[in-house]
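Enquirer: Starting from the two chains in their separate frames, assemble the complex, guided by the hints.
So the chains spell out like this:
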Amino acid sequence: AQSVTQPDIHITVSEGASLELRCNYSYGATPYLFWYVQSPGQGLQLLLKYFSGDTLVQGIKGFEAEFKRSQSSFNLRKPSVHWSDAAEYFCAVGDNYGQNFVFGPGTRLSVLP
Amino acid sequence: NAGVTQTPKFRILKIGQSMTLQCAQDMNHNYMYWYRQDPGMGLKLIYYSVGAGITDKGEVPNGYNVSRSTTEDFPLRLELAAPSQTSVYFCASSYLPGPTSTDTQYFGPGTRLTVL
Numbered sequence: 087a088q089s090v091t092q093p094d095i096h097i098t099v100s101e102g103a104s105l106e107l108r109c110n111y112s113y114g115a116t117p118y119l120f121w122y123v124q125s126p127g128q129g130l131q132l133l134l135k136y137f138s139g140d141t142l143v144q145g146i147k148g149f150e151a152e153f154k155r156s157q158s159s160f161n162l163r164k165p166s167v168h169w170s171d172a173a174e175y176f177c178a179v180g181d182n183y184g185q186n187f188v189f190g191p192g193t194r195l196s197v198l199p
Numbered sequence: 423n424a425g426v427t428q429t430p431k432f433r434i435l436k437i438g439q440s441m442t443l444q445c446a447q448d449m450n451h452n453y454m455y456w457y458r459q460d461p462g463m464g465l466k467l468i469y470y471s472v473g474a475g476i477t478d479k480g481e482v483p484n485g486y487n488v489s490r491s492t493t494e495d496f497p498l499r500l501e502l503a504a505p506s507q508t509s510v511y512f513c514a515s516s517y518l519p520g521p522t523s524t525d526t527q528y529f530g531p532g533t534r535l536t537v538l
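For the record, the sequence lines run as chains D and X.
Residue numbers for the first sequence follow the numbering used here, beginning at 87 and rising by one.
Residue numbers for the second sequence follow the numbering used here, beginning at 423 and rising by one.
The following block holds chain X by itself, in its conformation from the complex (with noise of 0.2 Å):
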């Protein structure tokens, strides 16, 4: 298995620029998670899913959007790019709902976005 697997793995974008970040995993999980990482914070949720067509926000979804239209794929899209979005962003998943007691959320290595 490959796990959970995000790309690109670095990115430079303009302001206003849009883009989408990939993440797929091969582990048939049903939740699937988007995070991003700002220096010296710790991870805040932008958006889950619960199921393929079955999105829902985190803490921090403005600026952002999510489809979920197989179970392997979870892209995040980007649509107007600001310096605020420059992050690490990193996907995650887990078979069961959250990181229950049989269960682990897995991390992709991440994307190490720039907006400039």
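Next up, chain D with everything else stripped away, as it sits in the complex (with noise of 0.2 Å):
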């Protein structure tokens, strides 16, 4: 069954520096990849997703992600963080269709001033 995992539950980090939030994944087949942002009180929304091709990924609010097959892991980074970026992260593996679509326990983020 597939699995995700994201071993940092909590990460602190200093507004204008760079970060990086890891994502290893289980998946039988070719994973369709995810990253969401959660913000207290608030649903999810869509950073970024990788299918195929790039293995490097872009997404809103100045992330991006790397696919990188032979370490099953799909990372998120931002080379500066703002006060606003913090939040919940959830990093997401499925298929096509929905059914098979597993989340990981999500990286609480905490920026410092």
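Honestly, the hints are just simulated from the structure, not real lab data.
Computed from a predicted structure; not experimentally measured.
Heads up, some of the hints might be wrong.
[As the list claims (entries may be wrong)] With a Cα cut of at most 30 Å, we get these calculated DSS-like pairs of lysine-lysine:
| hint | chain 1 | residue 1 | chain 2 | residue 2 |
| --- | --- | --- | --- | --- |
| 1 | X | Lys466 | X | Lys431 |
| 2 | X | Lys479 | X | Lys431 |
| 3 | X | Lys431 | D | Lys147 |
| 4 | X | Lys479 | D | Lys147 |
| 5 | X | Lys431 | D | Lys154 |
| 6 | X | Lys466 | X | Lys436 |
| 7 | X | Lys479 | X | Lys466 |
Expert: This is the structure:
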């Protein structure tokens, strides 16, 4: 069965610093990979997704993620974090039909002024 | 467009009570989903629907029921509430099946349910 791990439960960075959130997955077929962000009290918002092609994916809000098949990873990066990026970030893996869509446990990001 | 709306925002139930979580979308999406999010966990799929009149189980369907009589509405029913169902419930919708390369899932704001 597919699974997603996010090794870091909570990360704190200073505003302006770079960020990398880790995501590892287990999936039997070619995965569809996603990163979502959830602000407090809000629903999830899609940051970016990978299906095929270029392994470096650009998303909204200045985020990018790189798919590395050999490492079964899909890490999220941002070169300079803003205070408004403080939120919970979820990595997910799935197929094209939604019923096998699995989320990781999430990483909470705190940003210091 | 209002997008995906969910009611109520908060609810406290006693063990054994029943209730319906409402979800509606005004984007004419065929596909709708119910997830639950437990503290420190990711989302788990409860049920999904590929169109009016068609529903199917997700990863954690036990204790829940759904119906889809219209394209817009996808209510989630809890018949005999149990403490294990204390969670935040999210409804989502998409035009195409699942999060495809030309589509995305849109999430509602969630319903926070506590069963005591």
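Enquirer: If a hint holds in the structure, say so; if it does not, say that too.
Expert: Cross-check of the supplied hints:
{"no.": "1", "hint": "X:Lys466 with X:Lys431", "verdict": "19 Å, holds"}
{"no.": "2", "hint": "X:Lys479 with X:Lys431", "verdict": "24 Å, holds"}
{"no.": "3", "hint": "X:Lys431 with D:Lys147", "verdict": "28 Å, holds"}
{"no.": "4", "hint": "X:Lys479 with D:Lys147", "verdict": "34 Å, violated"}
{"no.": "5", "hint": "X:Lys431 with D:Lys154", "verdict": "39 Å, violated"}
{"no.": "6", "hint": "X:Lys466 with X:Lys436", "verdict": "23 Å, holds"}
{"no.": "7", "hint": "X:Lys479 with X:Lys466", "verdict": "11 Å, holds"}
The earlier numbered hints that this structure contradicts are 4 and 5.
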